[in-house]
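This is what each chain is made of:
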Amino acid sequence: MSLWKNFNQGILKENPVLRLMIGLCPVLAVSNSAINALGMSAAVAFVLTCSNLVVAAIRRIVPDEIRIPIFIIIISTFVTISDYVMQAFTPDLYKALGVFVPLIVVNCIILGRAEAFAYRNPVLNSVLDGLGMSLGFTVALVSIGVIREVLGAGSVFGITLFNPAAAATIMILPPGAFITIGFLMAFLNKLENKVQ
Amino acid sequence: MELFGIFFAAFLVNNILLIRFLALCSFFGVSTKVETTYGMSFAVIFVMTIASAVSWLVYHFILGPFHLEFLRTAAFILTIAALVQLVELYLKKMVSGLYRAMGIYLPLITTNCAILAVAFLAIDYRYDFVQAMVYSLGVSSGYSLAIIMFAFVRERMMLAPIPKWFQGYPIAFITAALMSLAFLGFTGMFGL
Chain A
1 MSLWKNFNQG ILKENPVLRL MIGLCPVLAV SNSAINALGM SAAVAFVLTC SNLVVAAIRR
61 IVPDEIRIPI FIIIISTFVT ISDYVMQAFT PDLYKALGVF VPLIVVNCII LGRAEAFAYR
121 NPVLNSVLDG LGMSLGFTVA LVSIGVIREV LGAGSVFGIT LFNPAAAATI MILPPGAFIT
181 IGFLMAFLNK LENKVQ
Chain B
1 MELFGIFFAA FLVNNILLIR FLALCSFFGV STKVETTYGM SFAVIFVMTI ASAVSWLVYH
61 FILGPFHLEF LRTAAFILTI AALVQLVELY LKKMVSGLYR AMGIYLPLIT TNCAILAVAF
121 LAIDYRYDFV QAMVYSLGVS SGYSLAIIMF AFVRERMMLA PIPKWFQGYP IAFITAALMS
181 LAFLGFTGMF GL
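Here the protein sequences come in this chain order: A and B. Quick note on numbering: the first sequence equals residues 1 to 196 in the numbering used here. Quick note on numbering: the second sequence equals residues 1 to 192 in the numbering used here.
Looking at chain B on its own, in the form it has when it is part of the complex (with noise of 0.2 Å):
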């Protein structure tokens, strides 16, 4: 039941895109259309999990048994450059199909902030490992879910009359907030 909650509390009422705002380049990049959103998305969900999965290990076996917390902002982000680049090499290797899915996506992630920001936040909260992978599958989830609704939306708006000063960035970003608006809604929900 712990879990569930956690899960749900990272997937829709902190919702990492529309409330956390954690992730916006990517949010705003490359949701112009819908099946660009699908390969970034798996691979977040992908990278993400693994992410956090080291990072918590690389801090509670290495950082804190030598006190070294301070270095973790040095170690989280030269670990996650690390392992996708190694995640890169062996997908194109041995998985080739999983490889031309998320292909381009996967270096880009390396800068995603929302990848560093959960390897942080897992520890902030105190997770254990279980916690921790839950919170990071339900994080990607819910960046997922946002992406993918917004690919639509944006799609739609392609043919739709916008006025001149709004063609482009700032309508998405009307957009976004009514979709924040709606992702506000779930405040409350699990206690939260």
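One chain only, chain A, in its complex shape (with noise of 0.2 Å):
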């Protein structure tokens, strides 16, 4: 049971993007596209749900007073290794995302779950919590994607639905990152309010 809640809490009730505004810069960065979103998003979830595991089994013998540099070095060592299988497996990719792969390192999400669950909880319960922060991640960036791709290319992930000319180009340039999640924050705001 309190395995399922911390899978579960990340994805809705404790969302890192919408819910507590962490990690918002490669939100509004990537999610121009929703393949570029899901490239992204695999790649937060391949480092957080990592980075947890072994911060988890490796917390009883870290020295309290040298802990966010050790964390640091695990996370931007699983941050390399993802950067280097994206550079030679998923090049186009790889030249999208650009400078935010190697910026996951300073990602909130990765060292604020280090820090508030991993180090403090059994390696299982921490790598569900990884999964389940990383499921929360997908659901808003790949959301904003989508939205974005639809009211600006006409198309999702690739497939066109209308005529690319009718779209509105501007919610795949930078003000329409900003437009997005904006309006979106405001419909979860009214949406929380009635159901209350």
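Please keep in mind that the hints were generated in silico from the structure rather than gathered at the bench. The model shown is predicted, which means the values in this text are computed figures rather than measured ones. From the three backbone atoms N, C-alpha and C, an ideal C-beta is built for every residue, glycine too. Since no wrong hints were added, every one of them can be taken at face value.
With a Cα cut of at most 27 Å, we get these calculated DSSO-like pairs of lysine-lysine:
#	chain 1	residue 1	chain 2	residue 2
1	B	LYS92	B	LYS33
2	A	LYS13	A	LYS190
3	A	LYS13	A	LYS194
4	B	LYS164	A	LYS190
5	A	LYS190	A	LYS5
6	A	LYS194	B	LYS164
7	A	LYS5	A	LYS194
8	B	LYS164	A	LYS13
9	B	LYS164	B	LYS33
Have a look at the derived ranges for each label pair, beta carbon to beta carbon:
#	chain 1	residue 1	chain 2	residue 2	range
10	A	TYR84	B	LEU159	50 to 60 Å
11	B	PHE129	A	PRO122	47 to 57 Å
12	B	MET149	A	GLY112	25 to 35 Å
The two chains are supplied separately, each in an independent frame; assemble them into the complex guided by the hints.
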């Protein structure tokens, strides 16, 4: 039951992007198409789950005073791995995501979960927490990506829905990211108010 | 002329906050009052210039000769974190006026993704040392320009009648979208 809770709470209740407002930079920057959003989510999920696993496994032998530098080294190891794997196997995606792949290392979600959860909990719970948080991140990022791609390019995951000439190109340009997330948050506020 | 182009491309055309989407946590976090954005901007200009100088040297004189380029993520973030600590200690002891002005913003900056991004981008664009310095100066000035303007708008927005669901963050994002739209108008300047 508590394992399920660990997994579950990252998806909606503590959704890192839409609720806690952390890890915003990649969300806005790479959500101009659904494919980019999915690629970025996969990289973040890999880094977050693996670093949670390692941090939880070594939590008893890490001295309290230098835990943050140790976490950063662990995280940057996995970031480097995903950086090089993406460069080798998905060069187009890597090019589209650009500097945001190495920048996963300073994504507040990952260090935040290492510090707030994995450092205090057993391995299995931490892995589930990592998966749940990643799923929450993916849901937010991909839904923003889909909205922007449909409105801005008239397609989803590269499949054309309607004539791209009729689409509002502004939505896949930088201002579109701010507009989409602004309206999405207002919508969530309204929804939350109704539930209460 | 080339340096001029690098500066203005970083300052306006590819504005770090509004076009490149970096350092957004601080953009929305500390922009509720104009005074705090002055301190933050000052600290960012200061740290970004020093950090990109040091990380450029680390990359070209330590990682490069030993073929350790794959360590750059870890090397840069540790260098920057250590550097910020050092600068903080030094300022506290030697230049306490400056320390009081930047105070709490210095540690915050370690996790500011723009600092690390500029260090990476200066390497990716293959800038030499002078170009890297001009680039980081342009980026940090662009940061200051955007965040100070945004803070002025947000201060006025406090008094505006805003629809209930849009109060707080949603309206801030919409405002940022309008500013970003204005900056999009610089596209094409300086051949970029």
